[in-house]
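Protein sequence lines, in the order shown, are assigned to chains A and B.
For the first sequence, position 101 (counting from the first letter as 1) is numbered 101 according to my numbering, and the numbering increases by one without interruption.
For the second sequence, position 230 (counting from the first letter as 1) is numbered 230 according to my numbering, and the numbering increases by one without interruption.
It is worth saying that the hints were derived from the structure and are not from the lab.
Take the hints with a grain of salt, since some may be wrong.
Said to hold, decoys possible - In silico negatives: residues of chain A with every beta carbon more than 10 angstroms from chain B: (1) G47; (2) G48; (3) A72; (4) L77; (5) D91; (6) D120; (7) L164; (8) D207; (9) N224; (10) S268.
As the list claims (entries may be wrong) - Simulated DEER-style distance windows between Cβ atoms: (11) A:D174 <-> B:G47: 53 to 59 angstroms; (12) A:S69 <-> B:M65: 49 to 55 angstroms; (13) A:M65 <-> B:D248: 43 to 49 angstroms.
Cβ coordinates follow ideal geometry from the N, Cα and C atoms, glycine included.
Protein chains: 2
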Amino acid sequence: MAAVTGLAFASTLGAQPAKTARLVVIGGAEDRLKDRVILRKFVEYCGGSRARIRLITTASAQPAMTWESYRAVFSELGVDNFEQLALTDRDSAFAPQLSQEILQADGIFISGGDQGRLMDVIWETPAYRSLHEAFHLHACCLGGTSAGAAVMSRHMISQGPAVLRPIKWATETDIGLGFVSNAVVDQHFSERRRLARLMSTLAQRPDLLGVGIDEDTALVIERNRSIEVIGRGAVTVVDPSRMQSNVDDVGLEEQMEMLGVVIHMLPSGHRYSLDSKLQAARWPESLRRVLTRLVAPGPLRG
Amino acid sequence: MAAVTGLAFASTLGAQPAKTARLVVIGGAEDRLKDRVILRKFVEYCGGSRARIRLITTASAQPAMTWESYRAVFSELGVDNFEQLALTDRDSAFAPQLSQEILQADGIFISGGDQGRLMDVIWETPAYRSLHEAFHLHACCLGGTSAGAAVMSRHMISQGPAVLRPIKWATETDIGLGFVSNAVVDQHFSERRRLARLMSTLAQRPDLLGVGIDEDTALVIERNRSIEVIGRGAVTVVDPSRMQSNVDDVGLEEQMEMLGVVIHMLPSGHRYSLDSKLQAARWPESLRRVLTRLVAPGPLRG
Chain A
1 MAAVTGLAFA STLGAQPAKT ARLVVIGGAE DRLKDRVILR KFVEYCGGSR
51 ARIRLITTAS AQPAMTWESY RAVFSELGVD NFEQLALTDR DSAFAPQLSQ
101 EILQADGIFI SGGDQGRLMD VIWETPAYRS LHEAFHLHAC CLGGTSAGAA
151 VMSRHMISQG PAVLRPIKWA TETDIGLGFV SNAVVDQHFS ERRRLARLMS
201 TLAQRPDLLG VGIDEDTALV IERNRSIEVI GRGAVTVVDP SRMQSNVDDV
251 GLEEQMEMLG VVIHMLPSGH RYSLDSKLQA ARWPESLRRV LTRLVAPGPL
301 RG
Chain B
1 MAAVTGLAFA STLGAQPAKT ARLVVIGGAE DRLKDRVILR KFVEYCGGSR
51 ARIRLITTAS AQPAMTWESY RAVFSELGVD NFEQLALTDR DSAFAPQLSQ
101 EILQADGIFI SGGDQGRLMD VIWETPAYRS LHEAFHLHAC CLGGTSAGAA
151 VMSRHMISQG PAVLRPIKWA TETDIGLGFV SNAVVDQHFS ERRRLARLMS
201 TLAQRPDLLG VGIDEDTALV IERNRSIEVI GRGAVTVVDP SRMQSNVDDV
251 GLEEQMEMLG VVIHMLPSGH RYSLDSKLQA ARWPESLRRV LTRLVAPGPL
301 RG
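Extracted from the complex, chain A is given alone in its bound form (with noise of 0.2 angstroms):
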């Protein structure tokens, strides 16, 4: 498969219905028995349940039983097309087949589990360049939770403890998808209180933004247009763009100064859209920076 390049990208997408591209970020422990606010949501901007909706269990070490466990979520839900992508290690990820899968889905969902495990099996692979088409190029609905969250970001914490206060790596990071290309996204936030952990990550790359999603909870990002909280928690955005931190002065593990910080909790219910004269004249500076940084896509790769 060839590498598209950003003329092919530009031209079909010219070619495209302006189809509205979604990321269903959920930071673990989505309700899968009640309500199902969020996968219900999902659902819907899959394009409802005529839609096809492809699962990938890779990051889960026990696959049969994930794949069991939504197959009945999205059955109850009523999607009927509803299958498990085959990509269980490196050689299926080059299967032409498979890259076939994920560019006619409609939506594809990313199992929690270890997001290591999925990374090392689609890094650089036809079926990485096929997700990448699907968001890009066909406005594919992307959901994913626990680590499924993890590997939409650029950068992603692959290991590290909930450690009490900011210290100096702290954390290890990773490359993940890169969809949501501007952040490094934490799951599982509030309640495995994560904030400390976020942090000590942002000392290193202030860059990013940080963005900690609550269990049952999602952030749903509508590229370049907006971003919304879903469920039952709440996102904390994290934006250090303006801090004063000592990260190259201090030791390994030493505590850091951090200066200036600034943080917007998000509660579910919200919406924060680029659109809205009315809502950015309210938006503190911080948060008009922090918007236009969500919504904006990664490049397309390949």
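Got chain A; can you put chain B on it based on the hints?
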């Protein structure tokens, strides 16, 4: 005892030698067995081992044990003139002898326990007025740990669980001694994961700063001049003065939107002085504002 008027305050101050008034606000669980960095500094700020230091155990449920513990520590630190103040109930707070003791002290240390118990005993009594005179007119060094730190602020958190996210009325506040006049102090801060609780409080009171102090960590406030963090952890300053929140639009215990909250993480070993132009040049605007407000003493009360 006559209330000291503003005029008397000014003229008495003029007659005093320029002595540095300090608050040593400790987040609880300060080291009393090993290096005792914080208590050692407290003794130094009181004037050294020959200082007259008095202990207030009124907040404690076991004042005798608390007294014994601190007596041992201060004795090991070379302080001979260390006594407990007889402040056990409201009657005792009216005793002229007690006020005399307070006014003659070089340093007063307030133990942990229940901040409400201390405030119930001391509020609007001669002992309360004497504490204010001791600090404002004689530059007596005031130290307090845990509940003794919470009472330093004008408005203290009297109760509230460690909520996961900022919610409306998560906390109740009550009036404190008022030495840190523009802030609400929360203690055991990182250890008990209290940021969301502090933010909940600030949503209701955006006129105040939030000051979260870790265990075995102290914020030293030098009146009208500087703040310094000593001990093991960090001080988290939360500045809601540019925040946009929807606190007025949500119901009891509902999640809140809070946009543009600024956070400063100040680790141990850092001092921030209004005197230093070099420091000020690199401070974010919010930190300058925060510092000016934190070092401003509350009014002399009585």
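Against the structure, the hints:
no. : hint                                 : in the structure
1   : G47                                  : 30 angstroms, holds
2   : G48                                  : 29 angstroms, holds
3   : A72                                  : 29 angstroms, holds
4   : L77                                  : 26 angstroms, holds
5   : D91                                  : 43 angstroms, holds
6   : D120                                 : 33 angstroms, holds
7   : L164                                 : 4 angstroms, violated
8   : D207                                 : 17 angstroms, holds
9   : N224                                 : 21 angstroms, holds
10  : S268                                 : 7 angstroms, violated
11  : A:D174 <-> B:G47: 53 to 59 angstroms : 55 angstroms, holds
12  : A:S69 <-> B:M65: 49 to 55 angstroms  : 54 angstroms, holds
13  : A:M65 <-> B:D248: 43 to 49 angstroms : 46 angstroms, holds
Hint compliance for this structure: hints 7 and 10 are not met, and every other hint is.
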